[in-house]
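Chains as they are written, first to last, in the working numbering: chain A, 469 to 928; chain B, 469 to 928.
Note that these hints are calculated values from the structure, not bench results.
Please note that a few of the clues may not be correct.
Which copy is meant is left open, so a pair is good if it fits within one copy or across any two.
As the list claims (entries may be wrong) - Here are the simulated EDC-like cross-link-like pairs (lysine to aspartate or glutamate), alpha carbons at most 16 Å apart as the crow flies:
1) 686 - 606
2) 708 - 897
3) 837 - 898
4) 756 - 898
5) 759 - 718
6) 738 - 685
7) 784 - 672
8) 693 - 676
There are 2 protein chains.
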Amino acid sequence: MAQKPSIPKGTRDFNPEQVAKRNYIFSTIKSKFQRFGFQPIETPSFENSDTLMGKYGEEGDRLIFKILNSGDYLNPKKGAISQEDYIKRESNLLTKQISEKALRYDLTVPFARYVVQHQNEIDFPFKRYQMQPVWRADRPQKGRFREFYQCDADVVGSDSLWQEVEFVQLYDEVFTALKLEGTTIKINNRKILSGIAEVIGASDKLIDFTVALDKLDKIGEAKVKEEMLSKGIPEEGIIKLQPLFTLSGDFGSQIDSLKTILSTSEEGQKGIEELDFINNAIEILGLKSAKLQLDVTLARGLNYYTGAIFEVSAPKGVAMGSIGGGGRYDDLTGIFGLKNVSGVGISFGLDRIYLVLEELGLFPETITKSTEVLFINFGEKESLFSLKAIKALREQNINAELYPDNAKMKKQMNYANKRNIPFVVLVGEEELKNNQFTLKNMISGNQDKIDLQTMISRLK
Amino acid sequence: MAQKPSIPKGTRDFNPEQVAKRNYIFSTIKSKFQRFGFQPIETPSFENSDTLMGKYGEEGDRLIFKILNSGDYLNPKKGAISQEDYIKRESNLLTKQISEKALRYDLTVPFARYVVQHQNEIDFPFKRYQMQPVWRADRPQKGRFREFYQCDADVVGSDSLWQEVEFVQLYDEVFTALKLEGTTIKINNRKILSGIAEVIGASDKLIDFTVALDKLDKIGEAKVKEEMLSKGIPEEGIIKLQPLFTLSGDFGSQIDSLKTILSTSEEGQKGIEELDFINNAIEILGLKSAKLQLDVTLARGLNYYTGAIFEVSAPKGVAMGSIGGGGRYDDLTGIFGLKNVSGVGISFGLDRIYLVLEELGLFPETITKSTEVLFINFGEKESLFSLKAIKALREQNINAELYPDNAKMKKQMNYANKRNIPFVVLVGEEELKNNQFTLKNMISGNQDKIDLQTMISRLK
């Protein structure tokens, strides 16, 4: 292989610094998940194709990575594709016959499969979290990858609104712990959207209506109305929408306006009640650094969400799409035959959170420091003496290492510098004789000849 | 989908208890890796097929999971397989044309690819660790899976034997931290094996010779000799081997015997010197709970190891294959065009370590306890009051949760029991009025009416 090796497009290598930063985000989220009583599960990277296909729409089916069957998969003796089908040379037809497994596309469908498969071992309500990679054959572009992690927390088996309250708190806790203050947790409810559509006489056009409404921020009121008209939503209905475009004030007063707008829709009223419950609880419990905001234009995941809809945006001034989202779905496990199990969940967008923390300089410096002290290698006797001290340092939970080769001093010091190792220890003939160590601070340049105990207390 | 969903054979779901136990092993290994100055990297789950194919032998190539190209991969317009080749209907031929990516088979080849690709950003010697899943289309059987984790630590860019010394210490540290005492770290050296083969006139039959020698434990001396003879190793050579079969005593005296046996082999002498160096250092530095043992029959990975060979076996009385292994390879990155970079590394067998800890009851009880206290749900007012207390508990790093529904008391208590939650809190009318909490110990059954501060100090 003459040219430099490479990796598939849309995938990434992570170097030590990147892994440390990613792990910092993972472990912060994880510890808050556990603080709230969520338990981890893990599912296989690939599932039977049956499990995944048909669950994400036609586009989704296309984006799922399929795994080729092993062995002589075209051999007719092994029950493979018939010659008649084979010579048609159609990709879709062939795929079904030469691939029976596929890489996980998200964590939600495997979770639903898990719940149904293990329903007899699970104690419901089941509060689970899962942090694993998923794969999508999307066209790679800035910020969009073919392999990326999802971090999800869900509760299934309870329709209590306290879960929604807790998820608002959980978002606030995680982002506060990451020092990412000033996030906005936007909330809406599918029932509000249905109610509005009902009121304006567009119940049969709920999707068209919400797709247009969702663009309010981007294209403005006039264009939204235009799009609605073009989709066949009656003009008199759109006029009734007017108060929605000018909805303002705090959560409570927006709720009041909605009560008027939706007074004739039972479903709409139910949605208002739910939002009101969540908002009241959050007002009493308080949030640390996030703000809860009602956003009636929020319509993500409308295909499956049946109640609350969440989306989190980064603090003002950071140009970044949503860094989290979620909602309630009333029949997730129905696709695998287990009916009437309500669920609600949220997700954290790891890659975007990473970019935001990077942009705002919020990663703590300590997380990328791996080794505290490097012992310079001056030869065999000195190294053995050093390794004894290193052993003692490690016992005290100090990350320490010996430069493996008796290389030029400059090379070894360079290595310490490049790796951001804050201290080096020099052990020469004299130190050996006196059972001492020269400890050099790589930042200040100061150095001292000290004994092991002093060195330990300095480094701790 | 009428029948219960399932997962592909050879893969596994992990429930919360299993994840907790696996994470306990992972995080113990990880913290020791870091203590020794290793830094984490991560590579993509799939690599270009070029990168993987041809690196693991024919059998390996067969066991690599291949990913089907996306889109209309059979379309001749897209430069896909020619019709002439297509109608041959040969799996191997087709695979090359419809699959250009493959799932990682181990962590070593991706690591070599990483080092070559990023050689200009890496500060050598590069001490990296990596813990990620790998996939093999092996026939699944007890303890052998199609998806499993590898945990590897390697150093590249130094041929210093201090690394071997550190790896012996690292094994000892990890297994001691896991309370798995009494492991045996077996060590050998490729040069010893080459030396023996040279001395008995079987240099051209090194592999046959070591494969036979490797079976000494299982089939005994007589059968080993038989096999050697059948492979064409001269009888007078096998006679010279005699002292090897009866090699005994401690490390030092075995080294002495080897010095005699290998007196005429320069390479053998070099191997002895290396083993001697490592053993002397370890004798001076000491091990906590493991034993270092010379095992001249150890021949794993002979295709790539060029110096030290390691293998770790579980404590006596536990029937389990090796729980770790590794060695030195002098030209790992050569396959990707970067010559003369020596490396040495070790690996931990997660699944087997898990089984051993399970068998010996060595998992700490605390790791599977996720939630410390469950608040029983008696209704809306009580829940809101409870959530305020829960918030305060979580501030104190206590994992706490509210049962989401106002269900029957018995159901809620059952839930706490099944989830092994050690405390529940009851908040009824009286507690609400007096701003108190009834804290019940689920193990002793004792309960007390106390205020928030007292509850916090009891639970901490």
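Compare the structure with the hints numbered earlier in the document and write down the numbers of the violated ones, lowest to highest.
Failing hints, ascending: 1, 2, 3, 4, 6, 7.
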